[in-house]
Amino acid sequence: MVQQQRPDVSGGPGAERSGVVPFPAQVVAPAAARPTMMAVEHATKHYKTRTGSVHALEDLSLEVAAGEFVCVLGPSGCGKSTLLWAMSGLHDLSRGRIVLNGTPVRGPRPEIGMIFQDANLLPWRNLWQNIHFPFEIKKLDARPYRDRVRGLVDLVGLTGFEKKMPRELSGGMQQRASIVRCLSYDPSVILMDEPFGALDAFTRDEMNLLIQKIWMETGKTIVFVTHNVTEAIFLADRVVVLTPRPGRLAHVFPIDLPRPRSIDQTFSPGFIRTVLGIKRTIETGAYAGDETTQAVGIELD
Amino acid sequence: MASDLRDTIPTFGQADAHRQEEVSVRNWSALSSVSVARSGWEALVIVLVAVAVIGGAEVWVRAAGIESYVFPKPSEIGRALIDNFDLFRPHLIATLRVLFSGYALGAAVGLVLAAVITQFPFMEKVITPYILLLVTTPMIALVPLLILKLGFGDSPRVIAVALAAGPMVMINSATGFRRTDLGKIALARSYGASTLQIFARIRFPLALPMIIVGLMVGAIFGLLTAVGAEMVGSGEGLGNRLMFYSARIQMANFFAIIVMLAVMGILIYVLFYAVGKKWASWEA
Chain A
1 MVQQQRPDVS GGPGAERSGV VPFPAQVVAP AAARPTMMAV EHATKHYKTR
51 TGSVHALEDL SLEVAAGEFV CVLGPSGCGK STLLWAMSGL HDLSRGRIVL
101 NGTPVRGPRP EIGMIFQDAN LLPWRNLWQN IHFPFEIKKL DARPYRDRVR
151 GLVDLVGLTG FEKKMPRELS GGMQQRASIV RCLSYDPSVI LMDEPFGALD
201 AFTRDEMNLL IQKIWMETGK TIVFVTHNVT EAIFLADRVV VLTPRPGRLA
251 HVFPIDLPRP RSIDQTFSPG FIRTVLGIKR TIETGAYAGD ETTQAVGIEL
301 D
Chain B
1 MASDLRDTIP TFGQADAHRQ EEVSVRNWSA LSSVSVARSG WEALVIVLVA
51 VAVIGGAEVW VRAAGIESYV FPKPSEIGRA LIDNFDLFRP HLIATLRVLF
101 SGYALGAAVG LVLAAVITQF PFMEKVITPY ILLLVTTPMI ALVPLLILKL
151 GFGDSPRVIA VALAAGPMVM INSATGFRRT DLGKIALARS YGASTLQIFA
201 RIRFPLALPM IIVGLMVGAI FGLLTAVGAE MVGSGEGLGN RLMFYSARIQ
251 MANFFAIIVM LAVMGILIYV LFYAVGKKWA SWEA
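In order, the protein sequence lines correspond to chains A and B.
One point on numbering: in my numbering, the residue at position 96 of the first sequence is 96, and numbering is uninterrupted.
One point on numbering: in my numbering, the residue at position 43 of the second sequence is 43, and numbering is uninterrupted.
Read the hints as simulated data drawn from the structure, not as lab findings.
By construction, the Cβ of each residue, glycine as well, lies at the ideal position given by its N, Cα and C atoms.
There are no misleading hints in this set.
So the derived label-pair ranges between C-beta atoms look like this:
(1) A/G197 / B/L44: 49 to 57 Å
(2) A/G160 / B/S39: 29 to 37 Å
(3) A/F267 / B/V275: 50 to 58 Å
(4) B/R97 / A/D147: 55 to 63 Å
(5) A/G77 / B/V275: 37 to 45 Å
(6) A/P123 / B/A104: 28 to 36 Å
Take the sequences, apply the hints, and build the full model.
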């Protein structure tokens, strides 16, 4: 586990209110100081279906640094989930490869944890048993992890609900439980597939703050797939925008907002300008520079 | 690479859409809404109604002057049940023996077949018509043939019961095993689960409610077939006694046997209902 020093994390309460933050628009490689954790090399994927072949990804390359938070954003059906599933080793690629920690991914890897849109709690197990599901599959002794798991349950605010069955929990609570389940065995990379897509806006804000907190405290490498632009900018170090199917890299937006970020910041002009820039990129499939936001006719600042 | 996920485009949501329509232990039949009395008052009403129905039948049979050889008084049936139970016991044991051995055989084969066959959709297409044939054909019809082949021992009846119960267990269990929740399978795969682990930890628990329904329907069909087979060709068993007592117009004994069969059927139902409540209550 590589613990990375992130200078931008130090931003205190003052940094939250710093207002407009300039967003450089050029593609930047991950900071040279951080080693590459995961690399996607020329990923191409075709699905065979009954009605023919679906071309989901086309020659997509991407590097994720250790301890980095990357959001993958794109229109629905653009291959975001396909990319994530390939990174997790659940799918193989038609062409190209995924490299994790220097070795190609050929199947599920123990250093990866996945979180899906559906919390996927097993309805016949209570919350505590659900959290221990990975240990059973991995045939791992859960005892050394007990304090860790208790701490995580406490961190996400589920203490006292351990004996509840999934159907007794709200959607947000179920998703919290799935986050604990994912973190319980301490993977270094977390892949999140639209984890909060099914939640209401308020719960989603809450979960985004929680994920930011967990990421800042644990220094995990996170790849987070979403179709919500605000959510992507709020969470990410870099937002990777894909084109409509087949998914190609449209543009990478570095997000230099200081952390911890607050929900209020998502209403700042600089933030909104970035939202518009990303929206234009998604619509046109290519980044056309900052001036595109002018076309919307909104007076900023 | 996980074969069950290879060409699955990861868009979920529709996978769960069909879940409401499925049969489970709870909504399998109108009978399953029957539940245990919640309070002493409810219990009292239930007992009072039972007394009124049985007592009413008694009063009606007496008042209308219905002959005992047409419809015996409930009190006569009760007395026959108690006084002649020693005569019934060996036949009860014979029926239970046939039922248990046939059911065990049929249910085991049906369950294993369902688990295996649902993993191979093509094989399922090939075999399902024959299973449907076995489900829809009354197995009692085969008993004379089975007796010709297997003689007068237990075996023709055991085979008939197995042939009646097995396909019922299989067809319901197969419905259960066909419920694949790709999200949960993907989750388990992401932890590096083997196919066997996915079967034991996801597919089987997911199928369990339907398996229990199948086992219940199979047991009831097994009982029907066991009794029917004894009526067609057997020297012992409760079915044989039905023929025996009706031929001798001993209607009190005849109805006593019917009461025993009804109790057996209800016990089967109650047993599986309890099992379902314990092991499949998550699906409510």
